[in-house]
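Fit chain B to the supplied structure of chain A, relying on the hints for placement.
Residue-level listing of the chains:
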Amino acid sequence: MSRLLLFLLFAAVSFSGCAQQPLYAWGPFENVISRILQGGYNVNGEILRMEQFGREAAMRGQKLPPGYHAQLGLLYAEAGNEDRMEVEYMQEKDLYPPSGTFMDFLLSNREAGYGK
Amino acid sequence: MGSRMRRGGLLVILVMFSFSGCTLIGANNSTPRFNQSLPRVLLLVPPVNRTPGFPTGENLLAWSVVILSEAGYYVLPPVLTSEVFARHGFKRQEQIRNIAPEKLRRIFGAEGVVYLTVDGTGTRHQVSGIRAGVHASGELVDLRSGRTRWKGRGDSEGGFTFSTLLPEPIQMMISSELWMTASQSMAGQAAVNLFLHGDTPLPPGPFRRD
Numbered sequence: 001m002s003r004l005l006l007f008l009l010f011a012a013v014s015f016s017g018c019a020q021q022p023l024y025a026w027g028p029f030e031n032v033i034s035r036i037l038q039g040g041y042n043v044n045g046e047i048l049r050m051e052q053f054g055r056e057a058a059m060r061g062q063k064l065p066p067g068y069h070a071q072l073g074l075l076y077a078e079a080g081n082e083d084r085m086e087v088e089y090m091q092e093k094d095l096y097p098p099s100g101t102f103m104d105f106l107l108s109n110r111e112a113g114y115g116k
Numbered sequence: 117m118g119s120r121m122r123r124g125g126l127l128v129i130l131v132m133f134s135f136s137g138c139t140l141i142g143a144n145n146s147t148p149r150f151n152q153s154l155p156r157v158l159l160l161v162p163p164v165n166r167t168p169g170f171p172t173g174e175n176l177l178a179w180s181v182v183i184l185s186e187a188g189y190y191v192l193p194p195v196l197t198s199e200v201f202a203r204h205g206f207k208r209q210e211q212i213r214n215i216a217p218e219k220l221r222r223i224f225g226a227e228g229v230v231y232l233t234v235d236g237t238g239t240r241h242q243v244s245g246i247r248a249g250v251h252a253s254g255e256l257v258d259l260r261s262g263r264t265r266w267k268g269r270g271d272s273e274g275g276f277t278f279s280t281l282l283p284e285p286i287q288m289m290i291s292s293e294l295w296m297t298a299s300q301s302m303a304g305q306a307a308v309n310l311f312l313h314g315d316t317p318l319p320p321g322p323f324r325r326d
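Each protein sequence line maps, in turn, to chains A and B. Residue numbers for the first sequence, in the working numbering: 1 to 116. Residue numbers for the second sequence, in the working numbering: 117 to 326.
Keep in mind that the hints were calculated from the coordinates and are not lab data. Just so it is clear, CB atoms sit at the ideal spot from N, CA and C, and this is done for glycine as well.
Pair ranges (Cβ atoms, derived):
#1 B:205 with A:107: 18 to 24 Å
#2 B:317 with A:31: 22 to 28 Å
#3 B:315 with A:44: 42 to 48 Å
#4 B:166 with A:52: 32 to 38 Å
#5 A:108 with B:216: 17 to 23 Å
Covered stretches of chain A (chain B as the covering partner; in silico rule of three or more C-beta atoms under 8 Å from a C-beta of chain B):
#6 62 to 74
#7 100 to 110
Looking at chain A on its own, in the form it has when it is part of the complex (with noise of 0.2 Å):
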């Protein structure tokens, strides 16, 4: 009963340092975008690691970071897969409309061959 109350002495204590929860939830996300931007990546690696964090996410009920859907979009792009890209990008849209402009821009763009 003793260390019952000695963990909910430590809860109390954690809780009342007022963590803030985290907006989004990031997985690979950032060392994805570092290393694309630093070029010499596998575009199929990073769709998988992407896809799968996606799921994850998906499963506990958590939201992907404004920029996911269209990295993976533009990765689809690259893949070959422009069906896939266009999904991504329409995702984007629908959950961040901020990014409507933008991914109108490369949707309507496409001849000009983003991500190819």
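Only chain B this time, still in chain A's reference frame:
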């Protein structure tokens, strides 16, 4: 029976305290509110990276996405925006500064641009140690007015001390690999200090839960 009730009572109090602790403390802090006139949708352009050979600029940019998003701004996906710039021949920050704000607003829907610069310093001490520092500076320019709305600096310092018993080439191997990984973690620390811990921290953005 009485002592069990006392312990039960203590339990209830502790459970209540653990859940209420957050609001009790939060009530005393005044959370700065988002200034409605600030840009909400941010474009992050490639940083000026003065640490050649190390991905400090890329790491700073990636961490800035995290920090600014969690601060409540919508950050346009930097790899995609950089690609648009690159396709039109704009590879360096100085070139991007000259683009008409109206064009950036029209293409990206951006309301503000964040310009970042990162410097790295490294000092080799005689007693086989290295002090390393990452120094970041940033500026937020409002595309609607062309005015600078925020400026900041953030630094991160670290050091490696290794044994004089190791041959010099091995020490160089270790230190260069450590600096490579440090350029990631130190860029992250510098980004936190840049946006959140300076004399004028960036105010929180509008897209926060509260």
